[in-house]
Amino acid sequence: MSYMKTLKCRECGREYPKEALYVCEYCFGSLEVVYDYEKIKTVLSREIITGRPKNLWRYRELLPIEGEPTDGLNSGFTPLVRADNLARALGVKELYVKDDSVCHPTLSFKDRVVSIALSRAKEFGYKIVGCASTGNLANSVASHAAKAGLKSYIFIPADLEMGKVIGTLIYQPNLVAVEGNYDEVNRLCSEVAAKYKWAFVNVNIRPYYAEGSKTYGYEIAEQLGWKTPDHILSPCAGGSLITKIWKSFKELHKLGLVAEPKTKVYAAQAEGCAPIVNAIKEKSEIIRPVKPKTIAKSLAIGNPADGYYAMATVAESGGWAETVTDEEIVEGIKLLAATEGIFTETAGGVTVGVTKKLIEQGKIPKNESIVICITGNGLKTQEAVQAKIGKPIKIKPTLKSFEEEVKI
Amino acid sequence: MSIKVRIPQPLQKLTRGQEEVEAAASDVKGLIDDLEKNFPGIKDRICDGQGKLRRFINIYVNEEDVRFQQGDATTIKDGDEVSIVPAIAGGAQ
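Taken in sequence, the protein lines are chains A and B. If you're matching positions, the first sequence starts at 1 in full-length UniProt numbering and goes up one per residue. If you're matching positions, the second sequence starts at 1 in full-length UniProt numbering and goes up one per residue.
Don't read these hints as lab results, they were simulated from the structure. Any given hint might turn out to be false.
As a list, the in silico DSSO-like pairs of lysine-lysine whose alpha-carbon atoms are at most 30 Å apart [what the hints assert, rightly or not]:
#1 B:K13 x A:K283
#2 B:K52 x A:K247
#3 A:K264 x A:K93
#4 A:K8 x B:K52
#5 A:K195 x A:K254
With these hints in hand, go ahead and build the complete structure from the sequences.
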C-alpha cells in the first residue's frame, strides 16, 4: 500500500507522475513527493510505529515506495545519546547527540537515503545504480548495491580520504575518481545520467532518495518521547538533510503525532565552504557558489542544490547559521570524543564546533533542549586528526619500562 | 540585432529548434522582452509571475553569471554573448 500521490515542482507547483523524474520541465525547479496525509493519518499512530522493528522502515507510510521495502532493512534507528558530559563542557542543561556514526551498514546517515533510493530504483526496474559522492554516499551505494546484487558506478572527486575510497572499493563497484571537485563530479553525473539508463540515486532518483533523510528527524522526535527539540544543529553540504529534518517534524505534527514544532534549526558549515551560511548571515537572496577549501570534504559542496530550501528552513524556524575553521573542526571532533566517547568525522566536528560557538554567542540559550546531528564516523577521515592527537607511548615489554615511561 | 543568445535544449521548442538566436537590447530584462516578441512563451519559462528571473535559471553574459552583476539590470551591448542555462538540480554529500 502506497500513500505517495505524485511528484510536484517545489518552485512552480506543476505536478508530474511518480516516475524517475527530478527536474520540472517547465521552470527547472526540483521535484518533491506528494503524500496523501489524510489517508496516512487514518492508519498511522505512535503505537503502530513503536511496535515495529527498530529500523528506518518503521515510518514506511511516509516513505516514497510503492510496494514492500527491499533494501536497508537494518538501517536507521541509531542512538539518540543524552550527552551530559558534553553539555557540562558547553555549559548547557539538556543536550543530545543523534549518532548516525553507527548507522548500518556504512556508518553514516547516507544509509538512510540509499535504502529508499535502491528500493525505489528496483521498483522502476533498474539493474544499475550510481551516484556522485563526497564519500559517505559512495560507501553506502556500493554496500547496498553489493547486497542487492546490482551493478554500481560511483563517481567521486579524486582527492578523497583513503578511508572513504577503501570503504567503497571493498564492495567492488566501478569506482570512478574524477579529477575535479564535487560540483564538477555532480555536473558530469547529470550528463552521464542523461545518456545512460541507470538509477543515479542523487540525480534521477533524487526526489525519492532525499525523502530518506526524514527518518533521521522522525527518530529524534520519537526518541525524545514524541517531542521535537527546542534547537537542532545540522551540518550542511547540499542542504537537503536540514530541509528534510524540518519537513519530518512538520509532517509528524500534521499527523497529530507531535505538538506543533517550535524547534529552531541551525545550519553548520566549514569556513572554507560556506555558501549557505554566508547567504544566511548576509541576509542575501542569492547563494554565491564557492570553490571549497576545507578538511570537511564530506561537506565540500560549493554549489548546493538545496541551498535555498536550507535557507528557508533556517528562516522559517527562527534559527541561525555559523561556520568553523579547520582547527575548530578538529577541536570539535576531539571534544565529542573526549566527552561522549563518540568518534565522528569532520562533518561532525563542524556541527560540534558550531554548537559551541552559537552557545558562546548566546544565540542558543543554555536551559533548553538541543540536538546535535552527528552524521558520519571518524574512522573514515583519520587524516584530519592524525597529527593532532598525540602518539602511543612506546615501552619495552618489562614492568620497569612501563613504570618509567608511563605516567600513573 | 547582434547579441547572440544560446538557448538550452528544453527551450528550443520555442525557438523552432534553434540553439542560438539573435536579439537586441541594452540590458538583460530588455533582452528577455525582445526574445518574447520573437518567441512567444519563452519569458514565462525564464521569469516567474512577478517578472523576476526564476531561481533555477542562470543567465550568463560573456560567461559571467548576471546574479553576481546587476541581475536583470545587467547591461549588454552589441557583440556580447548571452547564455541561458538551467541549473540542474542534484548534489548531495
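Quick rundown of the hints versus the structure:
Restraint check: the Cα-Cα separation between K13 (chain B) and K283 (chain A) comes to about 38 Å, which exceeds 30 Å; the hinted pair is violated. The hinted pair formed by K52 (chain B) and K247 (chain A) meets the criterion: a straight-line CA distance of about 27 Å does not exceed 30 Å. Note on K264 (chain A) and K93 (chain A): the hinted pairing holds, with a Cα-Cα distance of about 17 Å set against a maximum of 30 Å. The suggested pairing of K8 (chain A) with K52 (chain B) holds, with an alpha-carbon distance near 21 Å, which does not exceed 30 Å.
In summary, the hint linking K195 (chain A) to K254 (chain A) is not supported, as the alpha carbons are separated by about 40 Å, beyond the 30 Å threshold.
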